[in-house]
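All chains should be modelled from the sequences, with the hints used to inform the complete structure.
Residue numbers (our numbering): 85 to 225.
Note that these hints are calculated values from the structure, not bench results.
None of these values were measured; they are calculated from a predicted model.
Every residue gets a Cβ at the ideal spot worked out from N, C-alpha and C, and that includes glycine.
Be aware that a few hints might be false.
Unchecked claim - Under the rule of at most 30 Å between Cα atoms (straight-line distance), these lysine-lysine pairs were calculated in the BS3-like manner:
| # | residue 1 | residue 2 |
| --- | --- | --- |
| 1 | Lys-195 | Lys-180 |
| 2 | Lys-155 | Lys-168 |
| 3 | Lys-168 | Lys-195 |
| 4 | Lys-155 | Lys-195 |
| 5 | Lys-180 | Lys-155 |
As the list claims (entries may be wrong) - Across the chosen pairs, the derived CB separations fall in these ranges:
| # | residue 1 | residue 2 | range |
| --- | --- | --- | --- |
| 6 | Ile-184 | Pro-117 | 30 to 36 Å |
| 7 | Asp-125 | His-185 | 25 to 31 Å |
| 8 | Asp-152 | Ala-183 | 18 to 24 Å |
| 9 | Gly-181 | Leu-161 | 18 to 24 Å |
| 10 | Lys-195 | Gly-116 | 18 to 24 Å |
| 11 | Gly-181 | Pro-117 | 32 to 38 Å |
| 12 | Ile-184 | Ser-118 | 26 to 32 Å |
| 13 | Asp-105 | Asp-186 | 28 to 34 Å |
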Amino acid sequence: MPYLQPDPDPEPTSQPTNAFDQLVQDLSAALGPSSGLDSDDVDPLNIQRLMDQYTSNPEEWQPFALSDLSKSYTRNLIDEGNGKSNLLILVWSPGKGSAIHDHANAHCVMKVFLYPFLLVSRSSSWPREGWWGCVGLIQAH
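Here's what the structure looks like:
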């Protein structure tokens, strides 16, 4: 059966066109070719720093933030990483939400993006209008 041979002269990695593209490349570089968030050679604080340094610009990430109003939220894959993590943008539909929770044997670093706005009343910490999403690097098992 034929198979693809590795290109001896691979194309250089494309230059990021905006800060979101740079974040995706930086996260990929931080994880390297084979490490996950729980690997000894990955500093989770470095991953967190990369996420913290990104200033959210909806024009950069909104094309990836697809929503489906028939669902509470959608998971949009941005990067498969090296097979040990996924970079996702999650988008919650108006009036929907999910409680903070964990998944067994999973690790996550996330940053919340607000768009177009998040309206929070003084008596509630839940959004009342608009939609919101987050980008997260999630360990794949």
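Given the hint of 18 to 24 Å, check if Asp-152 and Ala-183 actually sit that far apart at their C-beta atoms.
-> holds (20 Å)
Given pair status - Lys-180, Lys-195, alpha carbons within 30 Å = Answer holds: Lys-195 to Lys-180 is near 18 Å, not above 30 Å.
Between Ile-184 and Ser-118, does the beta-carbon spacing fit 26 to 32 Å?
-> holds (30 Å)
Evaluate the given range 18 to 24 Å for the C-beta pair formed by Gly-181 and Leu-161.
-> holds (21 Å)
Is Lys-155 within 30 Å of Lys-195, Cα to Cα?
-> Cα-Cα ~22 Å, so holds.
Is the distance from the Cβ of Lys-195 to the Cβ of Gly-116 consistent with 18 to 24 Å?
-> holds (21 Å)
Taking 30 Å as the top limit, are the C-alpha atoms of Lys-180 and Lys-155 close enough?
-> OK: Lys-180 and Lys-155 at ~9 Å, within 30 Å.
Does the Cβ pair Ile-184, Pro-117 satisfy 30 to 36 Å?
-> Since the Cβ atoms of Ile-184 and Pro-117 sit about 32 Å apart, the hinted range of 30 to 36 Å holds.
Distance restraint between Lys-168 and Lys-195, which requires alpha-carbon spacing of 30 Å or less = holds (19 Å)
Using the beta carbons of Asp-125 and His-185, state whether their distance is inside 25 to 31 Å or not.
-> With a Cβ separation near 28 Å, Asp-125 and His-185 satisfy 25 to 31 Å, so the hint holds.
Distance restraint hint 32 to 38 Å, applied to the beta-carbon atoms of Gly-181 and Pro-117 = 36 Å Cβ-Cβ, so the 32 to 38 Å window holds.
Under the criterion that the straight-line Cα-Cα distance not exceed 30 Å, is the pair Lys-155, Lys-168 satisfied?
-> This hinted pair holds, its Cα atoms lying about 27 Å apart.
Figure legend: structure checked against the earlier numbered hints; every hint is met.
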